[in-house]
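Can you join these two chains into the complex? Each is in its own frame, and there are hints to help.
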Amino acid sequence: DAGVIQSPRHEVTEMGQEVTLRCKPISGHDYLFWYRQTMMRGLELLIYFNNNVPIDDSGMPEDRFSAKMPNASFSTLKIQPSEPRDSAVYFCASRSTSGGPSSYNEQFFGPGTRLTVL
Amino acid sequence: ILNVEQSPQSLHVQEGDSTNFTCSFPSSNFYALHWYRWETAKSPEALFVMTLNGDEKKKGRISATLNTKEGYSYLYIKGSQPEDSATYLCAFAHRDDKIIFGKGTRLHILP
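Those sequence lines, one after another, are chains B and A.
Quick note: to get my numbering, add 107 to the position in the first sequence (first position is 1).
Quick note: to get my numbering, add 1357 to the position in the second sequence (first position is 1).
Just chain A, with the same shape it has in the complex (with noise of 0.2 angstroms):
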């Protein structure tokens, strides 16, 4: 059974904070690893996506890195901003092309 872990399930910061979170995948077959942003009430949109072990990627204050032999990925955000408000997801992609989601990171930024 493929499984995803995202911890923490929810996560309250201080604006202003930094702060990260973790999505656990499977090191066996993997291809890729997908990182989206979901708003209340909206669709989820992509953040990054990263294939190989040592993978950083950033997007302004934004930031993740990627340890395929371990099997696990860091997101961080630097000077947490109200409009970081979101769910984010992790999704692993199989190399037999299916694709896993974590049950994602709830972040609430305080004002």
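Looking at chain B on its own, in the form it has when it is part of the complex (with noise of 0.2 angstroms):
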């Protein structure tokens, strides 16, 4: 398996346009999550799905940031319009619930996407 995959790794827009992130999870897992990485505040969950439907989106910032999960083999994350301190990092992770109760599974996170708005 290809592991988590992420696109683009870098993006550089200007403040005011629309920012689309992608997200392809491993097969067969099961739970989604898109976190954002800073020096502030390390690394925060955003939102996560389970079998493509929002779970818990508390950790979206303001309704600028959506989520969709259209099937189990992709997810975007969308800023519109983006502002400059959306600056950061954006990892998506996947984890299984094979084995028992999904929160004893480890995540397993793509590359990220840095995403410079200016």
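Just so you know, these hints were derived from the structure itself, not from any lab.
Errors might be hidden in some of the hints.
Stated by the list, open to error - Calculated Cβ distances over 10 angstroms to all of chain A for the following chain B residues:
id	residue
1	124
2	125
3	133
4	134
5	135
6	137
7	148
8	160
9	162
10	171
11	172
12	174
13	180
14	218
Claimed, not checked - Below, a sample of chain B positions facing chain A; criterion: calculated Cβ distance under 8 angstroms:
id	residue
15	149
16	211
17	213
Since the model is a prediction, treat every value here as computed from it, not as a measurement.
Virtual Cβ for every residue (Gly too), placed ideally from N, Cα, C.
Structure representation (structure tokens):
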């Protein structure tokens, strides 16, 4: 398996533009997580899905952020309009439920998307 | 508010020395505690998961302990090597399936 795949790896955009980040989880994993990593706040959970359904989006900073998971192999995180303070590395991770309660299982992280909003 | 604290934030250790650092988490509604290793320009990778009070896990020179009653876990590295330089993250798994990451301890091994 190729692991969790994220695209693009780097994105530079101007304030006000729409940004779409993409994630392909590991096949067979039924949980998908979106995180944002900044120096100030560390790794923050934005939203997570179970079986393509959003379970907890309380970490989404504001309405400019939205996430979708139309099927088991694809998710997007969209920022519209983007602002300079959104500049961060965004990680996607997936996790399996097999073998027991899911919180026991490790998360597998993608390589991240480094977003710079000018 | 669920808070996971890691200390110290940053640590410089001479090659060959042993070291340890701490993860503090809420002692209520505990389900599991994860440790991840995160090298610069890479993604976090799982090291250990522990669920029972008193659990100890070991992988080579790295080991971890868990105290769920008082809400802390220690990560130990014996005989530090340059390849141990990384950020070590702990993640608290709450009973309602929430996962909260600490901000990490950034370990630098000095030659």
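Confirm or reject: residue 162(B) is not an interface residue toward chain A, with every Cβ-Cβ distance exceeding 10 angstroms. 7 angstroms, violated
Given as non-interface: residue 133(B), partner chain A, CB spacing beyond 10 angstroms: Given that every Cβ of chain A is farther than 10 angstroms from that of residue 133(B), nearest at about 12 angstroms, it holds.
Decide, holds or violated, for the assertion that all CB atoms of chain A are farther than 10 angstroms from the CB of residue 134(B). 18 angstroms, holds
Hey, does residue 125(B) actually stay past 10 angstroms from chain A on C-beta? Holds, because the least Cβ-Cβ distance between residue 125(B) and chain A comes to about 26 angstroms, which exceeds 10 angstroms.
Please verify that the nearest CB of chain A lies beyond 10 angstroms from residue 148(B)'s CB. Violated, since 8 angstroms does not exceed 10 angstroms.
Residue hint residue 211(B), partner chain A, criterion CB-CB below 8 angstroms: Cβ of residue 211(B) sits 5 angstroms from chain A, so the hint holds.
Does residue 149(B) pass the interface check with chain A, least Cβ-Cβ distance below 8 angstroms? 3 angstroms, holds
No chain A beta carbon within 10 angstroms of residue 174(B)'s: 16 angstroms, holds
Quick one: work out the minimum CB distance from residue 160(B) to chain A and report holds if it exceeds 10 angstroms, violated otherwise. Per Cβ check, residue 160(B) is outside 10 angstroms of chain A; nearest 13 angstroms; holds.
Does residue 218(B) sit more than 10 angstroms from chain A, CB to CB? Violated, since 6 angstroms does not exceed 10 angstroms.
Interface-negative label, residue 135(B) against chain A, beta-carbon threshold 10 angstroms: 17 angstroms, holds
Please confirm whether residue 180(B) is truly not at the interface, meaning its C-beta sits more than 10 angstroms away from all C-beta atoms of chain A. 19 angstroms, holds
Of the numbered hints listed earlier, those contradicted by the structure are 7, 9 and 14.
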